[in-house]
Structures are given as structure tokens and as C-alpha cells.
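Student: Now for the letters of each chain:
4 protein chains.
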Amino acid sequence: MLSNQHSFTVEFGQCDPSGIVYNPNFFIWFDHSVHALLARAGLSLKALIDEYGIDGIPVVEYKSRFLAPARWGDQLLIETGVAKLHRCAFDLHHRVFNAGTLAVECAETRVCTALDPALGRVKARDLPAKLAEAFGGG
Amino acid sequence: MLSNQHSFTVEFGQCDPSGIVYNPNFFIWFDHSVHALLARAGLSLKALIDEYGIDGIPVVEYKSRFLAPARWGDQLLIETGVAKLHRCAFDLHHRVFNAGTLAVECAETRVCTALDPALGRVKARDLPAKLAEAFGGG
Amino acid sequence: MLSNQHSFTVEFGQCDPSGIVYNPNFFIWFDHSVHALLARAGLSLKALIDEYGIDGIPVVEYKSRFLAPARWGDQLLIETGVAKLHRCAFDLHHRVFNAGTLAVECAETRVCTALDPALGRVKARDLPAKLAEAFGGG
Amino acid sequence: MLSNQHSFTVEFGQCDPSGIVYNPNFFIWFDHSVHALLARAGLSLKALIDEYGIDGIPVVEYKSRFLAPARWGDQLLIETGVAKLHRCAFDLHHRVFNAGTLAVECAETRVCTALDPALGRVKARDLPAKLAEAFGGG
Numbered sequence: 106m107l108s109n110q111h112s113f114t115v116e117f118g119q120c121d122p123s124g125i126v127y128n129p130n131f132f133i134w135f136d137h138s139v140h141a142l143l144a145r146a147g148l149s150l151k152a153l154i155d156e157y158g159i160d161g162i163p164v165v166e167y168k169s170r171f172l173a174p175a176r177w178g179d180q181l182l183i184e185t186g187v188a189k190l191h192r193c194a195f196d197l198h199h200r201v202f203n204a205g206t207l208a209v210e211c212a213e214t215r216v217c218t219a220l221d222p223a224l225g226r227v228k229a230r231d232l233p234a235k236l237a238e239a240f241g242g243g
Numbered sequence: 106m107l108s109n110q111h112s113f114t115v116e117f118g119q120c121d122p123s124g125i126v127y128n129p130n131f132f133i134w135f136d137h138s139v140h141a142l143l144a145r146a147g148l149s150l151k152a153l154i155d156e157y158g159i160d161g162i163p164v165v166e167y168k169s170r171f172l173a174p175a176r177w178g179d180q181l182l183i184e185t186g187v188a189k190l191h192r193c194a195f196d197l198h199h200r201v202f203n204a205g206t207l208a209v210e211c212a213e214t215r216v217c218t219a220l221d222p223a224l225g226r227v228k229a230r231d232l233p234a235k236l237a238e239a240f241g242g243g
Numbered sequence: 106m107l108s109n110q111h112s113f114t115v116e117f118g119q120c121d122p123s124g125i126v127y128n129p130n131f132f133i134w135f136d137h138s139v140h141a142l143l144a145r146a147g148l149s150l151k152a153l154i155d156e157y158g159i160d161g162i163p164v165v166e167y168k169s170r171f172l173a174p175a176r177w178g179d180q181l182l183i184e185t186g187v188a189k190l191h192r193c194a195f196d197l198h199h200r201v202f203n204a205g206t207l208a209v210e211c212a213e214t215r216v217c218t219a220l221d222p223a224l225g226r227v228k229a230r231d232l233p234a235k236l237a238e239a240f241g242g243g
Numbered sequence: 106m107l108s109n110q111h112s113f114t115v116e117f118g119q120c121d122p123s124g125i126v127y128n129p130n131f132f133i134w135f136d137h138s139v140h141a142l143l144a145r146a147g148l149s150l151k152a153l154i155d156e157y158g159i160d161g162i163p164v165v166e167y168k169s170r171f172l173a174p175a176r177w178g179d180q181l182l183i184e185t186g187v188a189k190l191h192r193c194a195f196d197l198h199h200r201v202f203n204a205g206t207l208a209v210e211c212a213e214t215r216v217c218t219a220l221d222p223a224l225g226r227v228k229a230r231d232l233p234a235k236l237a238e239a240f241g242g243g
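Listed in order, the protein sequences are those of chains G, E, L and F. For the first sequence, this note's numbering assigns the number 106 to the initial residue and increments by one for each residue that follows. For the second sequence, this note's numbering assigns the number 106 to the initial residue and increments by one for each residue that follows. For the third sequence, this note's numbering assigns the number 106 to the initial residue and increments by one for each residue that follows. For the fourth sequence, this note's numbering assigns the number 106 to the initial residue and increments by one for each residue that follows.
Hints are computed from structural coordinates only; laboratory data are not their basis. Heads up, a few of these hints could be off.
[Unchecked claim] Covered stretches of chain E (chain F as the covering partner; in silico rule of three or more C-beta atoms under 8 Å from a C-beta of chain F):
no.	region
1	129-141
2	166-173
[Said to hold, decoys possible] For lysine-lysine, the following DSBU-like pairs were computed, each having C-alpha atoms within a straight-line distance of at most 30 Å:
no.	chain 1	residue 1	chain 2	residue 2
3	L	Lys228	G	Lys189
4	G	Lys228	L	Lys168
5	E	Lys228	F	Lys168
6	L	Lys151	F	Lys228
7	L	Lys151	F	Lys151
By construction, the Cβ of each residue, glycine as well, lies at the ideal position given by its N, Cα and C atoms.
So here's chain G without its partners, still in its complex pose (with noise of 0.2 Å):
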């Protein structure tokens, strides 16, 4: 299944006062990496909300720890794959590693939503076929 990753330097402005990365970065940089995975596949969100008339695909499930601290300067990687597909959702799995040790993991789920106009709300619907497959990569 797809996958990808990135490295970058962690910046002065995203630790705290203990000198530590402050902690809902990482879940700002899994968001990033999500946007980065679908470009790989080549898609976009914009596109598929253009394409398919989706809402989005937020976030539902977040399950992370923590093992080991990164700090200003440190050269994290961030590795992202996708670990299953759903009717209408998708799991991903984040790892952070600092100088070859896992820092973070984190297993994520979003739904596929769009606007149910006899609801008057967005509900879940099915995956965009384009994003399934490359997703997928049956």
C-alpha cells in the first residue's frame, strides 16, 4: 500500500519551554504528511472535493505515543502509510523517527464525508474511487 516520507528540522518556535517539540505539532506534521500522501498518489483534496463533490476527509480516530523526545534542531523523519481501506474511511500509520529511533507513532482514521442535502448535514460516503485506488494500489 502507498506510503511516503519526509525529513525536516525541528524549529526553535515549535518548542516549549522545556526545550522539547511542543506536542500538538506532531499532529500538525501528520496532517501535512496526509495532504503530502496524496500527492504522491498524485491527488489532491482540492481536487477530489472538486471532482467527487466531497466535504472532506476529517479526522476520527487518533491513537499516538510518545517515546522518546525531540528537541530544537533535531532532523526528524516522518514516515506515513496507509494501513487499510473501509467503504467510506481509510487508516493511516505515522512514525517519527529522531536519528534512527521511533520517537511517535501514531495510527489515524478519517472518513470520506460529504453534504447530505435531505439531512442538512455532511455524512460518511464512499471513498472516491480515484483515492481508493491509489490508496489501495490494487
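Chain G is already provided as a structure; the job is to place chains E, L and F on it using the hints.
Tutor: Chains E, L and F in isolation, oriented as in the chain G frame:
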């Protein structure tokens, strides 16, 4: 002219490894203050968009000076007031006090924009009447 | 066991182009809630660091579920309580309500760490007595 | 004088409900650019703190103008250069280009500070020699 103020405590996660407020947070707080100023006038950007068909009120200029540090746990008071109204824009003035000392001041200009269908892009337009009235206090 | 709650309004700048809260903000709010819980117990991380020589209380695990969207202007209530105390760690439970509906829930575990001079790095240590007492309510 | 540039793509989560970059992000990017400029000179704030005993190089002034919007997916180029050196401070100039168009420009002044034990607080001090040399290009 209309003004508003609110107090809050600097959070741990809003500070950097030097222990002082990570500077971009001031601009987040200025933005919150602008929305609070609208609320004080009985307005909201959302309602202005709906009623007047504007696109937004983006910032076009900030001039800010940082005079004294603010640290984790400090109680800050932000005072935001309307400084001047223009046809399509308005000037605001923010002052941040830390224990009675002026810590930051910032002059901000925002412009009212709307989509010009002929141009296919947003351009400046007259301030909504309700906003001009509420901000001008005239 | 100790718990705390606070209400606030979702700001414009905390939402993404879909108009819903940009997900990492929930983790910022959870962090603020942990500090508010300490404050409710008459404690602060700063004072614990000074008195007990600890390094911090970093997050080691989050399990979060996002059940309903929160949008610009929504009034949210976050309720944070202690779920369980361990020797060196504690479990918290956060619930975010949007107009009475449970929108997000999150189980969080934090560990108390201190520098081990022999190891030259931080490691887990016993919870400070004041924190254990305040959080345990025993 | 020393200058630096880097390109990046505007992320989904860096945009607000209007679909344009949430303004405070520009100040985060300016800060990253300052650290990148130091790195280009073979320096880091961390090393300057260690070698010269300085406390930091906090921002004392920003004058910024926002000339054109930047949207989700846009490729931005930030060019940051040293504009002028003072005894204890330095002026930088940032320009952000969006597809070749100048979108944002910002003049920034930072001051070098160190703890004055007699005063019991930080105050301005001479720029570290290595920084003055690297930034001055003299």
C-alpha cells in the same frame, strides 16, 4: 470610537525555549481581538459576509513594536480600538499590557474585499454600513 | 478525583478551509486544560519544577475520537478529569461538548520526568507528592 | 550582505475559512527564515547562546505589508536578507513571492539580549562578533 479589552494568561505552549511568548502568537491574539471588537459591536464577520456579500476583511498592514517580554504565566491585557475609518478600510490600534507595563503595540489596517465577477478576483469595496456605523460611533 | 471545565468560542483562525476546527487545535486545548487542572489544584508546572526538580510532565499517549464537527463561532465546553494515578504517571480524560453534544473525547497519559545525572538524560520518576495528593483526592 | 531564500507550498491547515493563509503564519515563516539565515552563515542561535552567553535575539519591530493573497496549495518563495547592522541589533528584510508576484514584505528588527546580573533582568548587548561578521559580510 469603539474599543475593547480582554485579559488572559500566557500558556506554557505559547512560549518558546527562551521562556518568552513565541512572537507570532501576538498576531493570533490581535486577530482574536478584532473578532471580539466586532462582537462588542453586535457584529460578526460571518454575518457581514452573509448580509453584504463581502469576501473578508484581510489585514493589509501591521506595524508592531515589542517593548517588554511576556513570559509563561504572565497576565496580559489586550486593548484594541478603532483608530480611523477609510472608505474601504479601517485602522485599528492594539496595546498589550503586562502587569501595567506596555509590552507590545501594533497598528493594523484591514480592507474590506469582495469578489468582482468581471475581474474574476477579489477587490476592495466600501465598508459595510453596519460596520462603519459601529466602528465610527458617529 | 479532580476535574475541571471551561468554555470558549471557536475562533475564525482556529478553523480550516472546510470551516471546521483545524484538528491539532484540540491538542492545544487539551494542553491548556491540563495546566488549568493544575491551577485548580493550587499547583503549576513551574512551581512543581522549582520545588521537586522535575523536568516536566510530557504526554506519552493520546487516544482521541472525533465524533462531531465544531465550527467557527461554536461554543465549546472542555471537561478534563483525572482518570487514574500511577507511580510515575497519570491518566486524564478530556471530553469536548458542542452545544451539549459530545464532539471529541480523549484519553491522555502523562509521565513525570527528571534528569538522571548518571544517565545524562531524563527518565521517569515518582509523581511529586503534592500532585499525587491533589489529583488523587485521597 | 547575507541573504537566503526558500520555497514551500501553503498547507491546508495554514489557511483560514476564507481559504487564504491565516496571517500569523507569515510571522512563523519569517522566524524560520531568520534561523535559516543563521544556518546559511554556519551559525545557530543555540551555538550563539552557548558561546557568547546571550539570552536570545528577540524581535523588537515588524513593519509588514500584505499586497496579494496566498492560498492553499500556492508555492511561496521567501527571501530574507540583512538590511542593516547596529551595535546591539540588526534589521532584516523579508519578501514573500507568490508565483513571481510580491505578496508580502516585512522589515524586521531584532536585538541581542543578555542577562544583566546587576539588574536581574535581560538587556541589550553587543552583537556576537561571529554574527556581526557573518551578517555584515564585511
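Student: Now tell me, hint by hint, if it's right for this structure.
Tutor: These are the hints, each one checked on the structure:
1. 129-141: Three-residue rule met by the region 129-141 of chain E, so holds; n is 5.
2. 166-173: Since 7 is at least three, the answer is holds.
3. L:Lys228 to G:Lys189: Violated. L:Lys228 to G:Lys189 sits at ~35 Å, over the 30 Å cutoff.
4. G:Lys228 to L:Lys168: Holds, at roughly 23 Å.
5. E:Lys228 to F:Lys168: holds (23 Å)
6. L:Lys151 to F:Lys228: Holds, at about 24 Å.
7. L:Lys151 to F:Lys151: Given that 30 Å is the threshold and the Cα spacing comes to 23 Å, the pair holds.
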